[in-house]
Amino acid sequence: MPLFEALRLALHTLRTQKLKSGFSLLGVFVGVTSLIGSCSIANGVNRYMTEKFAQTIFGVNTFQLRQRPVFTPNVPDSVWRSWRRRPRIRFSDAKAITEALTVPVITAWQSSDNVSVTFGNKEARDIELTAASERYFEIRNLRIATGRPFTSQENRSGVPVAVLGDAVAKRLFVDRPPLAHSVRIGGIPYRVVGVVEHQGSLMGFPLDRFVVVPALSPAQNLVNPPGILDAFFVKAGSEVEMHDAMEQAEGIMRSRRHLRPQQDNNFVLDTSEGVQRFWAGINRILMTVMPGVVIVSLVIGGIVIMNIMLMAVAERTREIGLRKSLGARRRDILRQFLAESTTIATVGATFGIIAGIGLTILINAVSPLPASVSPSSVVVAVIMGTGVGVLAGVYPATRAARLDPITALRQE
Amino acid sequence: MSNVQLFRTGDTPLPDVIILTHKLTREYDMGSELVRALRGVSVQIQRNEYVAVMGPSGSGKSTLMNLIGCLDTPTSGEYWLNGQKVSDLADDELARIRNKEIGFVFQTFNLLPRADALHNVELPLIYAGMSARGRRERAAHALQRVGLGDRMDHKPNELSGGQRQRVAIARALVNEPSILLADEPTGNLDSTTSTEIMGVFAELHRQGQTVVMVTHEQDIAANAARVITLRDGLVATDQARAA
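Line order of the protein sequences matches chains A and B.
Residue numbers are given in my numbering: position 14 of the first sequence equals residue 14, and the series is strictly consecutive.
Residue numbers are given in my numbering: position 123 of the second sequence equals residue 123, and the series is strictly consecutive.
Worth flagging that the hints you see were computed from the coordinates, not collected in a lab.
Be aware that a few hints might be false.
[Stated by the list, open to error] Here are the simulated DSBU-like cross-link-like pairs (lysine-lysine), alpha carbons at most 30 Å apart as the crow flies:
| id | chain 1 | residue 1 | chain 2 | residue 2 |
| --- | --- | --- | --- | --- |
| 1 | A | 170 | A | 52 |
| 2 | B | 100 | A | 20 |
| 3 | B | 23 | B | 85 |
| 4 | B | 155 | A | 18 |
| 5 | B | 100 | B | 155 |
| 6 | B | 100 | B | 23 |
[Said to hold, decoys possible] Which stretches of chain B does chain A cover? Using the computed rule of at least three CB atoms under 8 Å from a CB of chain A, they are:
| id | stretch |
| --- | --- |
| 7 | 41-52 |
| 8 | 102-114 |
[Unchecked claim] Not close to chain B: a few residues of chain A, all C-beta gaps over 10 Å, as computed:
| id | residue |
| --- | --- |
| 9 | 18 |
| 10 | 26 |
| 11 | 55 |
| 12 | 85 |
| 13 | 113 |
| 14 | 182 |
| 15 | 199 |
| 16 | 237 |
| 17 | 324 |
| 18 | 325 |
| 19 | 327 |
| 20 | 357 |
| 21 | 405 |
| 22 | 406 |
In this text, a Cβ means the ideal position worked out from N, Cα and C, and glycines have one as well.
So that you can see chain A by itself, here it is in the shape it has in the complex:
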């Protein structure tokens, strides 16, 4: 019997025994759906972490000179305490580095704390006030929706101007244009010169509740002691240049801090790599655990199919006997049942792929994760689905093929 006939027969059986086939599809269906779904989620989280998260906090090709790292998962208390004892980053450190770097970079100062911002009788509480230099917007990729960022002139002279985050502008001004009005921060009026585009949220944290003012404006006293920075941002044109700049900055800082060669840095040059490394670790764990889950469900799917096929062989013993008496060879029977189990598994896998893609679209729509179907997971799903079908079919099909036609025909 040609393969085509076997396939046609298998599809016919599937059609006529919808419920039974439906159940046997289920295992592979669930397996494939979970495979594609979880790969998509992992993909999404991956992209989220590398693109959005890392870049929102750090920016591309950017490092930060800080007292301690930004992203500090699982740090023991002792380490944390030693970090806190380190000297802080000073304006003078930033200036020295800016002057000494031979790599073309743009830099920005940054210090932040939470404050209240008022306009008239309206108040926005718990707003992140950032005192920064003018290139901060560029480095953090904060695009201005209306108005303008403050200038380097304004920054140097410490003019009380402010650029508002979207949520702050909405909270204080509702529908009115905020430009040219003054908001009060720490009792001092700041003229609004710009509003930043809506940023959305990051892992549930709103990204629009901030105000940026010039680093040397009066508000510097609200965020840090005089002359102290939270972070000094350095953005290079490429990754290679960034690493060059980091090396230079490290040397400058070590000499400024008078560190001997065997002493560790008492500052940190932090990049998004740390976050990404951390995520890569989680991702690796995910990627080792997940296939296990998927394999378990596919094995269950395979067992279900095998069971159904064994039942089918038992139920259709007479049919097998008849087919043999009409000239079916062992391999014809084998092929018939293998085709059937493979078809069941393939149809299950196909539905699974559709459901997996659907699930991905759904996740994309309702969650912030940019989940996307990885083509390799679809390929793996198809191969595994079909493989399960073949494997699960081998034993029942062999049993069917070995049936003695006389006994098979006699069976009631």
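Based on the hints, put chain B in the right spot on chain A.
Quick look at chain B alone, frame taken from chain A:
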């Protein structure tokens, strides 16, 4: 039987002898005891004969039927079918012989319940590797031969017992086999329908078909031109009837 060949081991049958068994035995090892179902059966059936095989239960007629139908292989002895020694063929070759040389008609029809008449008749052609189009034509022709040209798309449960057996006969004929091998073909039919089916057999025989029929009913066997009776695994009687 005038032209019976005196067959010895090592001979080949005469061209007109379509079935030849020589000292055919079949033993079953039932664990504690050895059942000798056939104890040396030698029969010769000519082309275009109509033969009934009779015998009480346990006489070995089913075993002989299985051997003639190439569903089973003998313990010893020779079986020649249409000029070919088939008693020592392997499984796949036996399947090919069943497909090409033998048309089975069973007591319980053995039609595929979910397939229509046409598809049921097509089955042997699928295993013969024929193209879908050729199969369709041949199957339709076979159904017309048994008078079911207008019932091709009916499923077995939409057909009467007699019609089902006709579908089964069409299926048996579709590969133009050397022998039509019927096992109690009227066992599940009432007497009117039995007569009808016997009429079909008679007509096929008249057209040149060799028919071998196993039955335990005397009046059904009476339709055949020759009756072979088995008893205790041996041929008891072998008589031609007056036509």
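Verification of the hints:
no. : hint            : in the structure
1   : A/170 <-> A/52  : 24 Å, holds
2   : B/100 <-> A/20  : 35 Å, violated
3   : B/23 <-> B/85   : 14 Å, holds
4   : B/155 <-> A/18  : 19 Å, holds
5   : B/100 <-> B/155 : 25 Å, holds
6   : B/100 <-> B/23  : 25 Å, holds
7   : 41-52           : violated (count 0)
8   : 102-114         : holds (count 5)
9   : 18              : 12 Å, holds
10  : 26              : 23 Å, holds
11  : 55              : 60 Å, holds
12  : 85              : 82 Å, holds
13  : 113             : 77 Å, holds
14  : 182             : 84 Å, holds
15  : 199             : 62 Å, holds
16  : 237             : 67 Å, holds
17  : 324             : 7 Å, violated
18  : 325             : 5 Å, violated
19  : 327             : 2 Å, violated
20  : 357             : 34 Å, holds
21  : 405             : 5 Å, violated
22  : 406             : 5 Å, violated
Against the hints set out earlier in the document, violations occur for numbers 2, 7, 17, 18, 19, 21 and 22.
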